[in-house]
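Model the placement of chain H on the given structure of chain R, informed by the hints.
Number of protein chains: 2
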Amino acid sequence: MPKKNIPKLAIRRLCIYKRMLSRLLEKEQETISSKELGKLTSIPDYQVRKDISFIGEIGVARKGYNIKKLNDHIINSLGLIEVWNTAIVGVGQLGTALLNYPRLKEMGYNILCAFDIDPKKIGKKTGGITIFPSDRITPTVRKNQIKIGIICVPPGAAQTVCDALAKGGIRGILNFAPIALNIPAHIVKREIDFTVELEFISAVLNLMKKKRS
Amino acid sequence: MPKKNIPKLAIRRLCIYKRMLSRLLEKEQETISSKELGKLTSIPDYQVRKDISFIGEIGVARKGYNIKKLNDHIINSLGLIEVWNTAIVGVGQLGTALLNYPRLKEMGYNILCAFDIDPKKIGKKTGGITIFPSDRITPTVRKNQIKIGIICVPPGAAQTVCDALAKGGIRGILNFAPIALNIPAHIVKREIDFTVELEFISAVLNLMKKKRS
Numbered sequence: 001m002p003k004k005n006i007p008k009l010a011i012r013r014l015c016i017y018k019r020m021l022s023r024l025l026e027k028e029q030e031t032i033s034s035k036e037l038g039k040l041t042s043i044p045d046y047q048v049r050k051d052i053s054f055i056g057e058i059g060v061a062r063k064g065y066n067i068k069k070l071n072d073h074i075i076n077s078l079g080l081i082e083v084w085n086t087a088i089v090g091v092g093q094l095g096t097a098l099l100n101y102p103r104l105k106e107m108g109y110n111i112l113c114a115f116d117i118d119p120k121k122i123g124k125k126t127g128g129i130t131i132f133p134s135d136r137i138t139p140t141v142r143k144n145q146i147k148i149g150i151i152c153v154p155p156g157a158a159q160t161v162c163d164a165l166a167k168g169g170i171r172g173i174l175n176f177a178p179i180a181l182n183i184p185a186h187i188v189k190r191e192i193d194f195t196v197e198l199e200f201i202s203a204v205l206n207l208m209k210k211k212r213s
Numbered sequence: 001m002p003k004k005n006i007p008k009l010a011i012r013r014l015c016i017y018k019r020m021l022s023r024l025l026e027k028e029q030e031t032i033s034s035k036e037l038g039k040l041t042s043i044p045d046y047q048v049r050k051d052i053s054f055i056g057e058i059g060v061a062r063k064g065y066n067i068k069k070l071n072d073h074i075i076n077s078l079g080l081i082e083v084w085n086t087a088i089v090g091v092g093q094l095g096t097a098l099l100n101y102p103r104l105k106e107m108g109y110n111i112l113c114a115f116d117i118d119p120k121k122i123g124k125k126t127g128g129i130t131i132f133p134s135d136r137i138t139p140t141v142r143k144n145q146i147k148i149g150i151i152c153v154p155p156g157a158a159q160t161v162c163d164a165l166a167k168g169g170i171r172g173i174l175n176f177a178p179i180a181l182n183i184p185a186h187i188v189k190r191e192i193d194f195t196v197e198l199e200f201i202s203a204v205l206n207l208m209k210k211k212r213s
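As you go down the protein sequences, you meet chains R and H in turn. Following this note's numbering, the numbering of the first sequence begins with 1 at its first residue and continues without gaps. Following this note's numbering, the numbering of the second sequence begins with 1 at its first residue and continues without gaps.
Hints were generated in silico from the structure; no laboratory data involved. Hints may be right or wrong, so weigh each one.
If chains are identical, the list can't say which one is meant, so a pair holds when it fits in one copy or spans any two.
Stated by the list, open to error - Here are the simulated DSS-like pairs of lysine-lysine, each with C-alpha atoms no more than 30 Å apart in a straight line:
| hint | residue 1 | residue 2 |
| --- | --- | --- |
| 1 | K27 | K211 |
| 2 | K143 | K167 |
| 3 | K209 | K167 |
| 4 | K8 | K39 |
| 5 | K39 | K120 |
For reference, chain R alone in the conformation it holds in the complex (with noise of 0.2 Å):
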């Protein structure tokens, strides 16, 4: 039975961990150890040990962890098998990349709508989901249940949608606008913003080449 208070930074790295094993699994590898997984995930070993002992014991053995058997383990402990009404709010480039793409419905996100002020855009279907106005944000959410919301609106627009779903009962955001958003506390939140990563990759070269000199 998995511990039922783990850490949030430690779930986050669960879910690194299971995209990296499944990623292990395609290539048919079959165990891998604390190390070897750290290494491939940019985590130190000790960290990936006290992360899994979260989920409870599994077996190690010699060669390390059976990597099936750890997937496994992840998904059934974070009830990633769960299915998820989800809309999209925004339906520009990004949000339109959204609608198409397939992995999303495999992975147990069930797109029921789609919502953008374009009067052009309303009523028409992209990816085979019927886009709604953003005025009715609140009481389409409410009626279908949905329960995440990824936005994908500009950041100007971006507060008014999220309190819109917030209103009609949403419980995860997934914010793609640059900009941080006052979101109720019982909301799960992340954001994603590759400027971050961008600058990291700048600060890297930077610094080494400052070492250099």
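Relative to the frame of chain R, chain H by itself:
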């Protein structure tokens, strides 16, 4: 003077602080405590203080750090004022969005060219940037002294593209393809996979449910 051996995880967190500080500057907030900065970025406050200590001393008043000073200090220490010649590979929905994203240039990423395999796209311009054929990546990257490559191609094409970038002398790679790439150790790399963030949200929601039941 910044120390030269800052751990990579600290560099990444410094980039996260910087993004948050820039946002706070827009809101005209003047000072911030490490506790507050930690809360806003979901990082423990002792870690915030430790990370900042890596880039050298900065005065801390009673009310905390001066936001503008700390922001400038991070930018200077990590060399985030430099300009990097950048290329985007794959002009699908994501690549197109990036080519049309004005903040990239403002941040110092000088996008010089894009690549695609689609003959209908080659030779045309998107966001003012000419699209070259993907089989010309190596010479074009070398000739234009491109240092950072952003991979936006489907997973099946990503390794080939990555090899061609490496051969052309690329120094940093940001990979949006959902696949683990073999990248030479001297190249600085980051991966972005929003599915990990979605699964994190689901996992936290599931564990909250279990706790209540």
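Exercise. Mind listing which of the numbered hints don't hold for this structure, in increasing order?
Key: Hints 1 and 5 contradicted; others consistent.
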